[in-house]
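Residue numbers (this note's numbering), protein chains in the order written: chain A, 220 to 574; chain B, 65 to 323.
Certain hints may be false.
[Said to hold, decoys possible] Mimicking EDC-like on lysine to aspartate or glutamate, the simulated pairs with C-alpha atoms at most 20 Å apart in a straight line are: (1) B:K176 <-> A:D436; (2) A:K276 <-> A:D262; (3) A:K313 <-> A:D566; (4) B:K176 <-> A:E463; (5) A:K276 <-> A:E551; (6) B:K123 <-> A:D566; (7) A:K430 <-> B:E155.
[What the hints assert, rightly or not] Derived coverage of chain B by chain A (criterion: at least 3 residues anywhere in the stretch with Cβ under 8 Å from a Cβ of chain A; other residues may be distant): (8) 261-274; (9) 287-300.
[Claimed, not checked] If the Cβ cut is set under 7 Å, some of the chain B residues that face chain A in the computed set are: (10) T120; (11) V124; (12) T284.
Quick caveat, the hints were computed from the structure, so don't treat them as lab data. Just so we're clear, the structure is a prediction, and the values are computed from it rather than from any experiment. The C-beta atom is built at its ideal place from N, Cα and C for all residues, glycine as well.
Now for the letters of each chain:
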Amino acid sequence: MKKILICLALCLCLLPLGATAEFDAASFAGATLNVYNWGEYVDMSVIRAFEKEYNVKVNYKTFGSNEELYIQTKAEESWDVMVPSDYMIERLIKEGKLQPIDKKIVDNLDQLAEGVRNLGFDPDNTYSVPYFWQTVGIVYDTTEIPREEMEAQGWEAFRNPAYAGHAYMYDSSRDAFMVAEKALGYSANTTDEAEIEAANAWLQDMHRNLKPSYVTDEVIDSMAEGLKWMALVYSGDAAYILSENEDMAYCTPYQGTNVAVDAMVIPANAKNPELANVFIRYMLGYEASLANSTEVGYASANAQALAELSGPGGEYEGNEAYLPRMGYEKDEVFVDLPAEWQSRQPDLWERIKIQ
Amino acid sequence: MKSFFRMSYPYILWIALFIVAPMLMILLYAVTRSGNGTITFHFTLENFARFLSDPTFLKVLWTSLRIALITTVVCILIGYPAALFIANLPEKRQTLMILLLTLPMWINMLLKTYAWRGILMNFEIESEIKVFIGMVYDFLPYMIIQIHTAIAKLDRELLTAAYDLGANRGKAFLKVTLPLSVPGIISGITLVFLPAVSSFVIPKLLGGGNYVLIGNLIETYFLVAGDWNFGSAISLIMALIIIGSMYLTKKLDTGAEEE
């Protein structure tokens with residue numbers, strides 16, 4: 220009897236061990252993992268630590284836009300882990316270009332933060348595991364535009380002639396149309412002809428009234444230096460700008476905005492899917508998440524890391540841009556637009572800028 | 065002779081693979097509609113019609129040409145006196161000056177442009193002027209070197225002859241030096257104008273994001289809109305303009321030599 224009890228006790232002790240992921244870490248020795256991620260989106264020491272722990276080599280390459288990534292999926296080269304955004308993941312799922320996550324290996328999905336659970340494009344994480352997430356908002360100089368003034372205007376600040384010549388607009392058709400559509404009270408995923416027409420007119424107004432400079436990543440340094448009064452930025456970049464320049468503030472417009480989620484996926488033609496799953500599990504883990512988010516400034520998908528960094532004593536305590544707004548009903552995740560719109564939106568956007 | 069020709073095979077292969085083949089691909093994309101199968105093509109000219117019939121696109125084309133043109137003219141205006149000055153220095157000094165001129169060309173163009181961005185950020189000047197400062201800075205050495213080569217190989221005896229025949233310095237310059245240095249100016253134009261038309265990094269970085277140039281358009285239609293057919297058509301129009309201006313300058317060049 221006693222023996223049986225001891226046995227049971229031992230089994231109980233082993234249970235947590237038995238519940239850990241099912242893979243043989245030693246079997247990966249010498250393997251190469253091809254990872255395709257956004258530029259400046261990782262703490263490289265995390266990658267080095269992973270390589271050391273599993274005795275593998277990570278071939279880490281970066282890209283600048285989802286469209287660039289999409290072209291890569293048509294290319295011959297195969298990737299084991301990619302980190303596309305929400306709408307692109309939806310498209311890749313639709314086209315059958317992804318393989319399911321092995322939840323026996325990625326057994327730590329319960330660590331996902333509340334804001335990145337049950338997302339429309341992949342509700343039960345069949346194909347994707349969130350990495351970073353963010354909102355789109357306005358960084359502004361509180362010495363030029365008072366807080367109440369900005370909060371009261373929200374997106375309409377982008378049509379306010381009083382700020383003419385003092386604004387940066389992010390040069391991306393999808394984000395620009397999101398701003399206009401949200402300002403007008405539409406969905407950021409609309410394909411309604413009349414609504415698009417109205418959004419197009421709204422953006423033409425913006426171009427005329429605000430005379431913004433159209434920029435991409437250079438907006439981060441420029442706003443940190445305080446060159447202009449306001450700019451459209453992702454909250455993760457805003458967190459960096461706010462930590463560099465204390466005059467800057469971040470406004471998540473009351474009209475609602477885009478919540479963007481970048482998630483890790485495994486392409487169908489991955490050469491090393493098992494190791495890819497192990498990598499995803501590792502990156503979602505608390506330690507890797509904490510290091511990555513601290514380094515990059517984007518909101519972590521790991522609940523514990525997110526709470527620690529934004530909480531008392533954390534790296535981003537009091538930084539209003541770090542923790543994205545959660546549970547606001549007007550906020551939306553992008554869905555994949557129909558093919559016709561994928562080419563029409565950029566076309567309209569170029570014309571607005573050329574005017 | 066034949067064996068020498070054989071030695072060029074690797075180069076011909078290189079050209080065929082990396083220059084001719086992609087150009088043919090662009091041509092194929094430009095004259096077809098999207099949704100090509102592997103075997104079926106829908107040939108069309110509507111990509112070109114779409115570009116040429118649209119005032120917004122023509123405006124972009126005009127802006128690109130205008131920026132390139134002004135850059136070239138300013139390069140000649142600054143470059144010619146500079147080249148003349150250098151050519152009149154003692155031989156040893158000339159080598160040094162040319163070396164100094166070429167030094168900045170060893171630095172990556174992006175780095176130089178970012179440096180200019182930092183410098184010009186502190187001044188309240190029109191963004192267009194900033195663009196020209198950056199463009200002229202980047203392309204000026206090509207112009208000076210070309211003109212300098214032309215002037216340096218000029219036979220000094222011709223000037224002495226002109227003075228003997230009673231010409232003053234000004235007249236000698238106008239009648240002898242200038243006409244004989246035209247080939248230098250022309251190859252300078254080729255080296256400045258052509259890259260300037262297609263350059264879009266400098267206007268983008270120094271112009272504060274207020275310019276849409278032909279290079280930006282091509283990028284957008286390829287990478288963002290995924291409309292490779294239209295993007296190819298724009299590239300092809302661009303290529304035609306470049307070939308056209310090369311032909312024109314060549315013609316000017318031979319015309320000048322015949323005189």
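- request: Kindly indicate which numbered hints from before are broken by the structure, ordering the numbers from low to high.
  value: Hints 3, 4, 5, 7 not satisfied by this model.
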